[in-house]
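Engineer: Sequence:
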Amino acid sequence: MGLISARLLAVLGAFALADSSFEFNLLPLFTNFVNADPSQPGNLYATLGLKRNATTTEIKKAYRKLSMKFHPDKNKSPDAEAKFREISYAYEVLSNAEQRKVYDAQGHAGLERLKQGAGQDSGHPFDVFSEFFGGFGGFGGFGGRGGAREIPQAPSTVLKLPVTLEQIYDGVSLDFSFSRPVLCINADECMMKKKECKGPGIRIITQQMGPGFIVQNQIQDDSCVDQGRAWIQGCKECPSGITELESIELSATVERGMQTGEKIMFEGMGENRIGHEPGDLILIVEELPHSRYTRRGNDLHMTLRIDLMQALVGFELKFDHLDKKEVQIQKSSVTYDGEVIKVKGKGMPKRGNTAAYGDLHVTCKIKYPKQLNDKQKRLIKEALAGVPMEVFN
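If you use mature numbering (1 follows the signal peptide of the UniProt record, and there is no 0), the sequence shown corresponds to residues -18 to -1, 1 to 375, in order.
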């Protein structure tokens, strides 16, 4: 037992000797100090991935990141809702100065006594989420309780996603970093009420022109950031202004058989603007050129160069396909220049039915000798003498 605990026992013992009616149960107090230890399971700081000395800004950032990750409308894993509730409760306590102070000193039991004494219950996790994000115009794609006023959505951010033919053939998940403008984490502290504001950049001026005659004019006012709210210029809580850049880690699922121009959408992961639902992030699949194949729909096309001897007597060639499996092209008869050999089922997987594949079309191009000596000419004449010839178109 540490020095502080020993002194505490001495003080309590003195109280007990002075007053026989004094009762004190050490177990809850000891348990409360243990529960306040960040290393313990269920600790609120650990839930948000924070240390005990975390600042208010760090608490807000952690909640924003984790609540988006585990919101049941986005995360379909079985334990997402339970995790979301834990995160919301941790934020609700640690963002409240009084509750945080009690929790740091007395742990969960202290919080229970505080709330019982005040007749309070923990907030609903969706209410906590709506309060956090709703003040900034909501958070696109996320549900909650009670609904919200109709608000516009910020423009979508559209980016190209270069992918190789091999990646489309196999189907892959590509991790990438994306920087987007988000609202300053302390934006709520940099806004004031201004009833004349009717939306971002819009202020209504009301003028009394005479008895019973009122005129309203709409003017541009950049300090207006939302309905009834204006931005406090030079606010120290947001030195960079309303928005700041946030880097987020995302994973794009490239499905088998996708084609250039198809979209991969991340709802609510684009630009943030006050008074708007966050925009979407849209990735446009862009197939990179391949060294061997050209794609046309579900079919693949390639050129195979063979020499004149192979064209006349036949050939057998092997090469690795997109899935690293060997493809064999074999022909025992004469091959003419420009002839197309079709290899069934060696094209791209078909979208929506990846058990089916397109075909591989192989166009043969014949390489001719630059010149022949007299002996070679004589041997060829002897070999081809009397052989029926045909014109290939």
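One or more hints might be untrue.
Cut-off 35 Å, straight-line C-alpha distance, at most; resulting in silico cross-link-like pairs (DSBU-like, lysine-lysine) [stated by the list, open to error]: (1) 359 / 245; (2) 363 / 328; (3) 43 / 180; (4) 33 / 65.
Honestly, the hints are just simulated from the structure, not real lab data. As the structure is a prediction and not an experimental result, all values here were calculated from the model.
Engineer: Does each hint hold? Answer for all of them.
Structural biologist: Here's how the hints hold up against the structure:
For a cut-off of 35 Å, the pair hint linking residue 359 to residue 245 is broken: about 59 Å separates their Cα positions. At roughly 40 Å between alpha-carbon atoms, residue 363 and residue 328 are farther apart than 35 Å, so this suggested pair is violated. With a C-alpha separation of about 29 Å, the suggested pairing of residue 43 with residue 180 holds against the 35 Å cut-off. Between residue 33 and residue 65 the alpha-carbon distance is near 19 Å, which keeps this suggested pair within the 35 Å criterion.
Hint check: violations occur at hints 1, 2; the rest are consistent with the structure.
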